[in-house]
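Q: So for the sequence shown, the UniProt record's numbering puts the first residue at 1; every next one is plus one.
Check each hint, because a few of them may be wrong.
Claimed, not checked - Mimicking BS3-like on lysine-lysine, the simulated pairs with C-alpha atoms at most 25 Å apart in a straight line are: (1) K25 / K4; (2) K44 / K25; (3) K4 / K44; (4) K56 / K4; (5) K56 / K44; (6) K25 / K56.
Claimed, not checked - DEER-style ranges, computed between Cβ atoms: (7) R19 / R58: 28 to 34 Å; (8) F34 / C61: 15 to 21 Å; (9) I11 / Y48: 40 to 46 Å; (10) E5 / I30: 35 to 41 Å; (11) F8 / F34: 27 to 33 Å; (12) I54 / N32: 16 to 22 Å; (13) S35 / R58: 22 to 28 Å; (14) D41 / Q9: 19 to 25 Å; (15) D64 / S35: 29 to 35 Å; (16) D64 / E39: 35 to 41 Å.
Treat the hints as calculated values from the structure; they're not laboratory data.
Idealized CB from N, CA, C, for every residue including glycine.
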Amino acid sequence: MDIKEFYFQNILEEEYHYRFYDSIKNVNAIYNIFSGYEEVDDYKFEVYDTEEAITKFRELCQPDVNIG
1 MDIKEFYFQN
11 ILEEEYHYRF
21 YDSIKNVNAI
31 YNIFSGYEEV
41 DDYKFEVYDT
51 EEAITKFREL
61 CQPDVNIG
């Protein structure tokens, strides 16, 4: 699962996480002094083990909660 693509397909403007839309959309853009912003490689953020990803996100977002 590509979590970047999942975000774009499922985010709604009224949701809290929509505030990160522009940052995520432009994650591959770099500024070139001669030509302005350019998109470099279109990196994917792929998750292969969904359960492990969920656990890791919980650990990162809620470090004080005992998970497991």
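Q: Evaluate each hint against the coordinates.
A: Each hint tested on the structure:
1. Proximity of K25 to K4 is assessed by CA-CA distance (about 9 Å); at most 25 Å being required, the pair is judged to hold.
2. Only pairs whose Cα atoms come within 25 Å are accepted, and K44 paired with K25 is accepted, the gap being roughly 12 Å.
3. For the given pair, K4 sits about 7 Å from K44 by alpha-carbon distance, which is consistent with the 25 Å threshold.
4. In summary, the hint linking K56 to K4 is supported, as the alpha carbons are separated by about 17 Å, within the 25 Å threshold.
5. Among the hinted pairs, K56 with K44 is consistent with the structure: their alpha-carbon atoms are about 18 Å apart, no more than 25 Å.
6. In summary, the hint linking K25 to K56 is supported, as the alpha carbons are separated by about 23 Å, within the 25 Å threshold.
7. In this structure the hint that R19 and R58 lie 28 to 34 Å apart at CB is violated, the actual value being about 21 Å.
8. For the pair F34 and C61, the beta carbons lie near 40 Å from each other, so the given range of 15 to 21 Å is not met.
9. Taking 40 to 46 Å as the suggested C-beta distance range, the pair I11 and Y48 does not conform, at roughly 22 Å.
10. In this structure the supplied range 35 to 41 Å is violated for E5 paired with I30, their Cβ-Cβ distance being about 21 Å.
11. In this structure the hint that F8 and F34 lie 27 to 33 Å apart at CB holds, the actual value being about 30 Å.
12. The hint said 16 to 22 Å for the Cβ distance between I54 and N32, and at roughly 38 Å that hint is violated.
13. For the pair S35 and R58, the beta carbons lie near 41 Å from each other, so the given range of 22 to 28 Å is not met.
14. As the Cβ distance of D41 to Q9 is approximately 21 Å, the hint placing it in 19 to 25 Å holds.
15. For D64 and S35, the hinted distance range of 29 to 35 Å is not satisfied, since their beta carbons lie about 46 Å from each other.
16. Look at D64 against E39: about 38 Å separates their beta carbons, and that is inside 35 to 41 Å.
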